[in-house]
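Engineer: The residues making up each chain are set out below.
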Amino acid sequence: MASNRWLATGNFFTTYQEEQRTFTTRLDQLIFSIFLLTLFIWPLLFELSRTYMLVVDNILIAVVAVLGLNLVTGFAGLISIGHAAFVGVGAYTVASCSRMIGDSHIIITHLWPVMIIAGGLAGAVMGAIVGLPALRLKHLYLAIATLSFQMIFEWTINFMAFFNQGQTIFVGRVMWLTGEVGRSDHYVFWYYVILIVIVMCGFGVRNLFKTRYGRALVAVRDNDRAADAMGMHPGLTKVYAFALSGFLAGVAGALHAYLYRGAGIESFTLHHSISYLAMAIVGGLGTLNGSFWGPAAIQFLDLQVENVAELAGHYMPSNMNLATALRPLTFGLVIVLFLMFEPRGIANWWRIVKSYTKTWPFRY
Amino acid sequence: MTYLNVSDVTLSFGGLNALTNVNMHIEKGLITSIIGPNGAGKTSILNCISGFYHPTKGDISYGGKNLTHASPHEISSMGIARAFQNLELFRGLSVLDNLLLARHSKLDYNFFQALVFWGKASRVESENRAYVEDVIDFMELEPYRKSLVGNLSYGVQKKVEVARALTLDPDLLLLDEPMAGMNVEEKEDIVRFIMDIQKERGVTVVLVEHDLGVVMDISDRIHVLDFGQLIGSGTPAEVAANQKVIEAYIGEE
Chain A
1 MASNRWLATG NFFTTYQEEQ RTFTTRLDQL IFSIFLLTLF IWPLLFELSR
51 TYMLVVDNIL IAVVAVLGLN LVTGFAGLIS IGHAAFVGVG AYTVASCSRM
101 IGDSHIIITH LWPVMIIAGG LAGAVMGAIV GLPALRLKHL YLAIATLSFQ
151 MIFEWTINFM AFFNQGQTIF VGRVMWLTGE VGRSDHYVFW YYVILIVIVM
201 CGFGVRNLFK TRYGRALVAV RDNDRAADAM GMHPGLTKVY AFALSGFLAG
251 VAGALHAYLY RGAGIESFTL HHSISYLAMA IVGGLGTLNG SFWGPAAIQF
301 LDLQVENVAE LAGHYMPSNM NLATALRPLT FGLVIVLFLM FEPRGIANWW
351 RIVKSYTKTW PFRY
Chain B
1 MTYLNVSDVT LSFGGLNALT NVNMHIEKGL ITSIIGPNGA GKTSILNCIS
51 GFYHPTKGDI SYGGKNLTHA SPHEISSMGI ARAFQNLELF RGLSVLDNLL
101 LARHSKLDYN FFQALVFWGK ASRVESENRA YVEDVIDFME LEPYRKSLVG
151 NLSYGVQKKV EVARALTLDP DLLLLDEPMA GMNVEEKEDI VRFIMDIQKE
201 RGVTVVLVEH DLGVVMDISD RIHVLDFGQL IGSGTPAEVA ANQKVIEAYI
251 GEE
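Going down the list, the sequences are from chains A and B.
Just so you know, full-length UniProt numbering puts 118 at position 118 of the first sequence, and the rest follows in order with no gaps.
Just so you know, full-length UniProt numbering puts 221 at position 221 of the second sequence, and the rest follows in order with no gaps.
Some clues are possibly wrong.
As the list claims (entries may be wrong) - If you only want the chain B side, here are some residues facing chain A, beta carbon under 10 Å, derived:
#1 E74
#2 R82
#3 F84
#4 F90
#5 R91
#6 D97
#7 R103
#8 F117
#9 A121
#10 S122
#11 V149
#12 N151
Since the hints were derived computationally from the structure, they do not count as laboratory data.
The structure displayed is predicted, hence computed values, not measured ones.
For every residue, glycine included, the Cβ atom is placed at its ideal position computed from N, Cα and C.
With the rest of the complex left out, here is chain A (with noise of 0.2 Å):
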């Protein structure tokens, strides 16, 4: 047995099942452990806006649904275009449940956790039919046949009178110990659900990438031919990619349905799709806290810009539209940036800081 098992210095591994470990320290371990503390106990301290709540929340949604994507295009090399169709349909699956048998149903409103592995399932299932077409092609001409699917689900909305022509379809509010979870502690609610999503896959996740499902995903990137020589079929593996990214999308959209208490076509349309792709790159392709960071820093972004541009409405003439034009500016701009001077993306700058920090006071 290690004799030190606090610090990187003196802990050796014996086993190999020591070295499997995901915090390879105790200290590792300690201040992980409290930074999910404060996650999960900070609401009880502080109250914030009901609007910042729900920004919060949505941050936390998106980290699924990149969560995804990042799976699919990070790790797999397969670029999707329409990931916020798949978490459509996860919020959709939600949401004709919740049209067929009344949207304060009993399964709807005590059986949510059902309902939201339900969306996941839904999703997976998708996932894996728009995913067919891996077997034949790649690169562009695969996100291309994402892009069709994105398309395809839009209109299949938008014209169907089951889906309510894209308009909003109610969802009722759930059931929880306490009782109903009423308008007050609606987001602080979701807050936690999302939380305790978050962790499992992220876990799950990690523990996937120990694994041969995981290796299957990162070898089909790297090199198709190989992996097949290596006894896996490449084009079921990208099947199984596509699925997998699917169940994390379609949890994040029934998350969605609940949270918002409804499901409308303008949260999933091809310009969400877009944006969770720029997430999964400014928080960094292939890295698994990529997914974390990205989201927050969109949505921290898109706040901020938001910010500035009230501020600059007030001083511009208002035909210069200001206003509008600075969202989509700034977050092109952005992603240019990214791209060009920072492709790792954000889980770069995470570990180099993390390096540095271990070897301080030397510098290597």
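Based on these hints, arrange chain B on the given structure of chain A.
Structural biologist: Below, chain B without anything else, positioned relative to chain A:
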């Protein structure tokens, strides 16, 4: 004892015949080399055996099983592994992960066990790691275990390529020019590994190589291809005396 049987294989791309009626018997436990001038069809025949190409005509059978139309992943699960001529490694992964990947179809935990990574998945993965460490030890790759493959030198990458094929735990190992572009010292290393692979691990080796000195020294059987046709086969001494082979390599008088 015939082990891998290539009978009457023709491979054509449009009007071009890369292989014409090639017959080849590869015997168990030996080192068999396939040689020939550039464009003779050496890599094509390896591609046919490993399933990347399918012969236009003819059959390939291995230990009684027909693998003429099998896909690469089916063939690798039958115990035929292959190292590529142009490095086909997973460049974004470490040496360790590259080798762990080769064990893909040998790991028998399911998706949900992997998700939880407790009990079976964790145990199987650590056994898996022990197996890979054994190969790393055998191929003397210890210093590079954790480095990214893309950052390693060419010679080491070639070694990783052979190590990865070996990690598949094959009965038959196909090596496509494992010594191309190496210096004498590195070549000697690889030759030593090939001989150890055959002797210690009991693996049948099929070697495609241009360095005739090496081929003559270590091969038990040699097959010579020229313009897609088999022009000679036998022991190194027989092949060296074969008039057609001499003509193909040196030219006619």
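Engineer: Take the hints in turn and mark each one as holding or not.
Structural biologist: Status of each hint after checking the structure:
no.: 1; hint: E74; verdict: holds, 9 Å
no.: 2; hint: R82; verdict: holds, 6 Å
no.: 3; hint: F84; verdict: holds, 7 Å
no.: 4; hint: F90; verdict: holds, 4 Å
no.: 5; hint: R91; verdict: holds, 6 Å
no.: 6; hint: D97; verdict: holds, 6 Å
no.: 7; hint: R103; verdict: holds, 8 Å
no.: 8; hint: F117; verdict: holds, 4 Å
no.: 9; hint: A121; verdict: holds, 6 Å
no.: 10; hint: S122; verdict: holds, 6 Å
no.: 11; hint: V149; verdict: holds, 9 Å
no.: 12; hint: N151; verdict: violated, 14 Å
The structure fails hint 12 only (numbered hints given earlier).
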